[in-house]
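Colleague: Please build the complete structure, drawing on both the sequences and the hints.
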Amino acid sequence: MNDSVTEPQQQLSVDAGRPWLMLVLATVGFAVNFWAWALLSPLGPLLGDNGTLGDLSEGQISLLVAVPVIVGSLGRIPVGALTDKYGGREMFVAVSIATIVPVLFIGVYGQTSYPALLLGGFFLGISGTSFAVGVPFVNAWFPPERRGLAIGIFGAGMGGTAISALTTVRLYSTVDDQAPFLLAAAGLAIFAVVAWFLLEDAPGRQAPTTSLTSRLKANARLPIAWQASILYAVAFGGYVAFSVYLPAYLKTAYELTPAAAANRMAGFVVLAVIMRPVGGWLADRVGPIPVLAAGYGVVVVGAAVASTTPVLEPVGAVAFLVMAMALGSGTGATFTLIAQVTDPSRVGGVTGLVGAAGGLGGFVPPLVMGYIYGRTDSYAIGLVMLAVTAALTLLLTVTTVRGTAHRHDEEMANA
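Everything in the sequence shown is counted per numbering that gives the first Met the number 0, starting at 0 for the first residue and increasing by one.
Nothing false has been slipped in among the hints.
For each label pair, taking beta carbons as the anchor points, the in silico distance ranges come out as:
no., residue 1, residue 2, range
1, 14, 369, 46 to 54 Å
2, 168, 406, 46 to 54 Å
3, 189, 85, 16 to 24 Å
4, 380, 202, 49 to 57 Å
5, 107, 172, 14 to 22 Å
6, 165, 254, 23 to 31 Å
I should point out that these hints are in silico values taken from the structure, not numbers from a laboratory.
Quantities reported herein were computed from a predicted structural model and do not represent experimental measurements.
Ideal placement from N, C-alpha and C gives every residue a C-beta, glycine not left out.
Modeller: See the structure below:
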């Protein structure tokens, strides 16, 4: 009799743990793909200095680094819709295998010429679309009251860019110029095999029957699609922009050494990554609107303080660290909001649109900051623009976005 009781209990335990296993696997896959996505960024200055590609201008290096970001961001739109259709398991495997090709191309051949490297970088952008695969995959495995935390944990896989930052240049310089790419390709291949055998789409997943084009159009017409795109463009875009531009800012504005500036940037990134699941968890508890509103409010104050170039210790450091916390929590809360007000069969498509906005949101600010500084020798205007943008986003959050969430709640209550 004891055996008959124990077996169902064990099965229940396995079933209860399966969503968390899927979450861990998806997060690892996201981190590995983001590792590959960021391979060219740390190598940009090195490739310009060592002369193997000729005399590269700053503009050429910037384009080289930007191409994977742009392709990975825009590619999330169709990949998110395809994930709704085919499921996260198949799309994780497909994206990972497809990324192996440009990674090996760059490692073995692409570094011989600038056009070849650009071509490889274009297809390397495929790896950046993995975000739009993982969010609907994870979302489907968890009940509504846990989706914020789950998606926030998955989003912490964006820390895969830190793997690239810590290993790429070191392997390139101490082993050989192929080493970082071969290692990343091996990681992608291992994950693809593991995903094929262990990943499972959530039970009861219903694939849409309409065409890809019609689903993209329908998703774009949803109010939450454009609203969340703005929210994420500011939250995730701000995080990406600071992670890219903060070392140059600290070096110029505070005369820090490159190593000291890089260490402070690493602290900013780590804190933002940690706060992403925290933001999702808080949004599960108190709702995404209060978390988003508080986050944008903090950014308004932090950016305004930073625009005065205050003494770095402690005022400047505190300003940037609290902005890291606010931006990180905002990225987690945004996708909690999407999960709450979007039909599950459309989460992938909406995630693709929002993820694209976030990626592009991180691409534009560094260009603006660099342009303004080049003509004014001041970062103040750029930081004031960030404060104003965050203030407008805060206003959008507590008015239009709040209204969208309330209407969804009323529809669910009347259903």
